[in-house]
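Student: Residue numbers (this note's numbering), protein chains in the order written: chain A, 1 to 183; chain B, 1001 to 1243.
Check the hints yourself; a few may be wrong.
Said to hold, decoys possible - Derived DEER-like restraints, expressed as beta-carbon distance ranges:
#1 B/N1190 x A/G42: 19 to 29 Å
#2 A/P175 x B/F1187: 29 to 39 Å
#3 A/V54 x B/V1216: 17 to 27 Å
These aren't lab readings, by the way, just hints derived from the structure by calculation.
Backbone N, C-alpha and C define an ideal beta-carbon position, used for all residues, glycine too.
Take a look at the letters that make up each chain.
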Amino acid sequence: MIRPHDETSIQAGGMIARLKRRQLLRMGFLGGTVLAVGEIAGVFLPFFHVNKIVGLGAKVPAGKKADVLAGFKSTNDHPVLFVEGKFFLIHPPGAIAAAYRKCVHLGCAVPFNDAEDRFHCPCHGSLYDKHTVVVLGGPAPRPLDLFNIEESGGNLVVDTNPLKLLVRSDNKWDPALAQVKDA
Amino acid sequence: MLDLPTQAWEWVRRSYVWRSFFRHGYPDSRKNQSLAVFTNVFLHLHPVKVRRHALAIPYTWCMGGLSFFLFLVLTLTGTLLMFYYHPTTDLAYADIKDMETVVVFGQLLRNMHRWAAHGMVITVFLHMARVFYTGSYKPPREFNWVVGVLLFFLTILLSYTGYLLPWDQLAFWAVTVGYNIAAATPFIGNEVSYLLFGGFELGPNALLRFYVLHVVGLPVLAGFLMAIHFWRIRKDGGISGPL
Chain A
1 MIRPHDETSI QAGGMIARLK RRQLLRMGFL GGTVLAVGEI AGVFLPFFHV
51 NKIVGLGAKV PAGKKADVLA GFKSTNDHPV LFVEGKFFLI HPPGAIAAAY
101 RKCVHLGCAV PFNDAEDRFH CPCHGSLYDK HTVVVLGGPA PRPLDLFNIE
151 ESGGNLVVDT NPLKLLVRSD NKWDPALAQV KDA
Chain B
1001 MLDLPTQAWE WVRRSYVWRS FFRHGYPDSR KNQSLAVFTN VFLHLHPVKV
1051 RRHALAIPYT WCMGGLSFFL FLVLTLTGTL LMFYYHPTTD LAYADIKDME
1101 TVVVFGQLLR NMHRWAAHGM VITVFLHMAR VFYTGSYKPP REFNWVVGVL
1151 LFFLTILLSY TGYLLPWDQL AFWAVTVGYN IAAATPFIGN EVSYLLFGGF
1201 ELGPNALLRF YVLHVVGLPV LAGFLMAIHF WRIRKDGGIS GPL
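Based on the provided sequences and hints, a complete structural model is requested.
Tutor: If you want it as structure tokens, here you go:
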């Protein structure tokens, strides 16, 4: 019953019985509007959340594993730079790894220095090892961070998501980090 | 000799089209002049009567009006800049260079936009300071102060989003700082910066997002709030002076 007949039915029926038709309609319209606005607002965030990542964060194909290993052999383990993915493929003992080239000191892009045969950050002189990117000198607090790398069908794929880095606190190569073996 | 032009003028004045545009004659009495202002969509933006004290420049230093004037300059020059600017990482920087060296009057246009943007931040700040020092935020104008604060934030955001568009080193690293500030949000920092900038670093998505915000989102919002801001000035007792 929407419209109460008299005072007693109001008291007996509680809140619902007290509603007049006009109020009910108004609440219905208002509720519908709030619902619609809420739904639109609800899809706003997922809409602006980018699903297809380009650049840093994407999964970057890094070539065939056999080719990479052959390259390491012919160049005496020279690291291979991937500019778009911002990483170096390196050859630590028994593995192939991908080192994020952002200096862990203050964020400069670290180049490999051929003359010194090691990574040498031009900004503040942090030095990293050629094979394991552990710190050899300078202000860097820890080795360069590593990206996750996987092998599928003989091809290497590097996940450049900067939120899923392999961060090392001790300054040495841990064989447990070998996600892709070099054999 | 003048008969024919006079007759033609009279014919135009009596025509249906003319009379649908201009529904009454020249308003020569005070009342009709007021009515003409009230009923005209363009004239009604300005008050029918301006109090004598409102004409005293040291009361306001015209800072609000100057801010609005600069906003109009920015809208006009910005729209013209849009004809030559592509919001992509490949083309943005070159487009700005072309704007300065190839496009006719392009350098003037870009510099007008740039200096008007700097000027607007300054005049909005001075306007705010004036309102504060003259106590003009007090009731019944407190609501308009809040609208004004929102407009100040929008001015800053417009400057910030426009800053990225040249896609040069200055823009990139300045906005990278903003990225890291967003990423410093407690608990959900990475998600916030990813959502705002459309990636894990400044890239094509960030440029496009800032562009859309700069040319559509923020100006529309600012225009909406400005309409309220100006309307409230009138409703709260007019510009400057005691109530």
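Student: Hints first: check each against the structure and report whether it holds.
Tutor: Each hint tested on the structure:
Taking the beta carbon of each, B/N1190 and A/G42 are about 21 Å apart, inside 19 to 29 Å as hinted. Separated by about 35 Å at the C-beta atoms, A/P175 and B/F1187 satisfy the suggested range of 29 to 39 Å. The beta-carbon spacing between A/V54 and B/V1216, approximately 23 Å, falls within the hinted interval of 17 to 27 Å.
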